[in-house]
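With these hints in hand, go ahead and build the complete structure from the sequences.
Those sequence lines, one after another, are chains A and B.
So this note's numbering is basically just the index in the first sequence, starting at one, shifted up by 1.
So this note's numbering is basically just the index in the second sequence, starting at one, shifted up by 1.
Everything labelled a hint here was simulated from the structure, so no lab data went into it.
On a predicted model such as this, the values are computed, not experimentally measured, just so you know.
Warning: the hint list may mix true and false statements.
[Claimed, not checked] Distance ranges between label pairs, derived from CB positions:
1) B:Ala198 - A:Trp168: 23 to 33 Å
2) A:Pro37 - B:Ala198: 41 to 51 Å
3) B:Glu150 - A:Leu135: 49 to 59 Å
4) B:Gln26 - A:Ala203: 26 to 36 Å
5) B:Ala249 - A:Val271: 23 to 33 Å
6) B:His268 - A:Asp253: 30 to 40 Å
7) B:Glu150 - A:Asp132: 54 to 64 Å
8) A:Ala275 - B:Ala101: 32 to 42 Å
9) A:Ala275 - B:Gln26: 30 to 40 Å
10) A:Val271 - B:Asp36: 17 to 27 Å
All C-beta atoms in this analysis are idealised placements derived from N, C-alpha and C, irrespective of residue type, glycine included.
2 protein chains.
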Amino acid sequence: MESFQWGIIGLGLIGGSIARRLAQQGFPVLGADSDPATRAEASASGVFEALLDPPALVAAADGVILATPVGSIEVLLQTLPWRPGQLVLDTGSTKRRIVAAMGRLPEGVSAVGGHPMAGKERSGFQAADPDLFLGKPFLLVPTPRTTPEAAARAEALVAALGARPIWMDAEVHDRRVAWVSHLPYVVAMALMAAAEAAEDPALWEIAASGFRDATRVAASDPRMMGEVVRSNADEICAAVELLCQVLARWRDDLRASPPLLPSEWEHLAVRRQALRFPT
Amino acid sequence: MESFQWGIIGLGLIGGSIARRLAQQGFPVLGADSDPATRAEASASGVFEALLDPPALVAAADGVILATPVGSIEVLLQTLPWRPGQLVLDTGSTKRRIVAAMGRLPEGVSAVGGHPMAGKERSGFQAADPDLFLGKPFLLVPTPRTTPEAAARAEALVAALGARPIWMDAEVHDRRVAWVSHLPYVVAMALMAAAEAAEDPALWEIAASGFRDATRVAASDPRMMGEVVRSNADEICAAVELLCQVLARWRDDLRASPPLLPSEWEHLAVRRQALRFPT
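In structure tokens:
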């Protein structure tokens with residue numbers, strides 16, 4: 002990626018981690034963020050060649066990575082002064098609406114949808130970590146503006162981050178992340194809501210690692226996750242529906258006398274034991 | 002606890018960890034386990050004064066800790082040759098049935114229900130860890146056989162394990178663990194079942210830390226957890242019912258156009274961020 006100038010708009014955990022990794026690998030990086038405190042931290046970090054406002058960054062960068070919340074990504078795609086020959090990537094957690102917005106970019110601007118499957122409980126530039134993406138899946142989604150060169154450049158970026166590129170269409174992407182990311186988030190929130198409904202403060206004293214892990218993602222920024230959930234509401238509703246059908250069936254088993262264990266539990270436990278996750 | 006002889010029946014993760022901690026603190030410990038391989042490991046560990054069969058252990062120990070699966074605890078309470086003056090404790094994850102069985106022990110045998118809120122993904126004596134209970138809640142439940150001396154002895158044991166004793170009645174215990182342990186377990190299994198129902202093997206390639214943590218407890222031994230769930234089925238069904246009501250309400254919010262975020266999400270995120278767990 003010699004002599005290719007990257008620019009990143011949105012310097013939170015994801016954008017900041019990409020910037021740190023690229024800088025570590027010797028690539029020049031420009032940055033933009035709407036928050037003055039984030040700009041001050043980013044400036045002090047020495048990671049960036051320069052911090053610009055978004056239009057100036059778009060004017061100066063060969064490749065622009067949009068790493069803001071999903072709602073703002075759509076707005077930035079519509080409003081920034083994109084230039085033919087330029088590449089745009091994003092890191093949003095849902096892809097159908099963003100890919101559609103990428104299809105409306107001016108002719109000659111190339112674009113690829115992106116979604117790194119990596120996160121942390123902490124957010125913000127201060128939590129940024131150049132190793133955040135190592136060994137993790139980085140989902141890549143073709144758009145009406147994805148040229149072969151753009152695809153190769155996106156894959157080279159993923160390789161530079163130490164992540165694994167996995168291509169899939171936007172519809173498939175949004176369905177899959179509904180199952181593995183958004184449903185677990187909604188369920189973690191529901192476990193919190195149900196435990197709160199018990200109105201028993203002592204619950205929080207005895208909650209152990211099982212509850213901690215089951216609800217960990219409920220601590221995510223609800224405004225950021227709220228945008229994600231709204232943008233994938235149809236797929237998430239379908240997943241919630243299926244989950245509730247499973248739970249209703251099991252509740253009937255457990256209400257039998259003597260209580261029956263759901264017949265698939267042994268199989269599900271074995272499946273879960275066999276799953277391997279990138280750490 | 003000088004000159005007090007402890008005996009532990011069931012040398013899996015919990016019984017083995019108690020044994021290792023007591024031995025480390027200089028207390029003599031007898032052990033019993035129905036599995037020959039576990040007995041061989043326990044014998045080779047040098048932790049135990051002797052490994053006996055359960056009736057011989059009951060004949061020799063001043064205090065007996067039943068650390069087998071919950072179903073066997075009830076059987077052992079009914080069938081072993083308990084002696085007046087002896088103390089019995091257990092470590093089962095549900096307490097109503099066990100406490101009732103303790104109430105049927107011979108006169109003069111004292112008994113306290115116990116439940117350490119500690120666990121691991123791995124099980125068995127090989128995973129036993131003397132530090133497993135450090136700083137963790139150790140729930141203690143009074144029984145019709147709980148004398149003041151028995152209560153003090155149980156608290157001294159919890160102190161020796163480095164855990165925090167928290168007393169509560171069996172009914173309250175079983176309701177609380179339904180919310181913080183059993184519901185998260187059932188939900189983790191349901192997330193696995195729902196993801197399997199999607200019939201998309203690529204899901205497992207992109208599942209990241211959110212899915213990993215949300216489903217971690219689903220990897221527990223389903224036979225051990227099955228006994229626990231059966232013994233607390235009424236409370237778990239009530240918790241599942243409430244959870245599904247919450248999810249149905251939120252699904253309706255998300256189906257609105259434009260999708261509404263459930264009004265309590267901001268509050269729930271703040272609550273979860275504020276929770277502190279013993280590590």
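Structure-based check of all given hints:
1. B:Ala198 - A:Trp168: 23 to 33 Å: 25 Å, holds
2. A:Pro37 - B:Ala198: 41 to 51 Å: 47 Å, holds
3. B:Glu150 - A:Leu135: 49 to 59 Å: The hinted range 49 to 59 Å holds for B:Glu150 and A:Leu135, with Cβ atoms some 57 Å apart.
4. B:Gln26 - A:Ala203: 26 to 36 Å: 29 Å, holds
5. B:Ala249 - A:Val271: 23 to 33 Å: 31 Å, holds
6. B:His268 - A:Asp253: 30 to 40 Å: Holds, at about 32 Å.
7. B:Glu150 - A:Asp132: 54 to 64 Å: 56 Å, holds
8. A:Ala275 - B:Ala101: 32 to 42 Å: Since the Cβ atoms of A:Ala275 and B:Ala101 sit about 39 Å apart, the hinted range of 32 to 42 Å holds.
9. A:Ala275 - B:Gln26: 30 to 40 Å: 38 Å, holds
10. A:Val271 - B:Asp36: 17 to 27 Å: With Cβ atoms ~20 Å apart, the hint holds.
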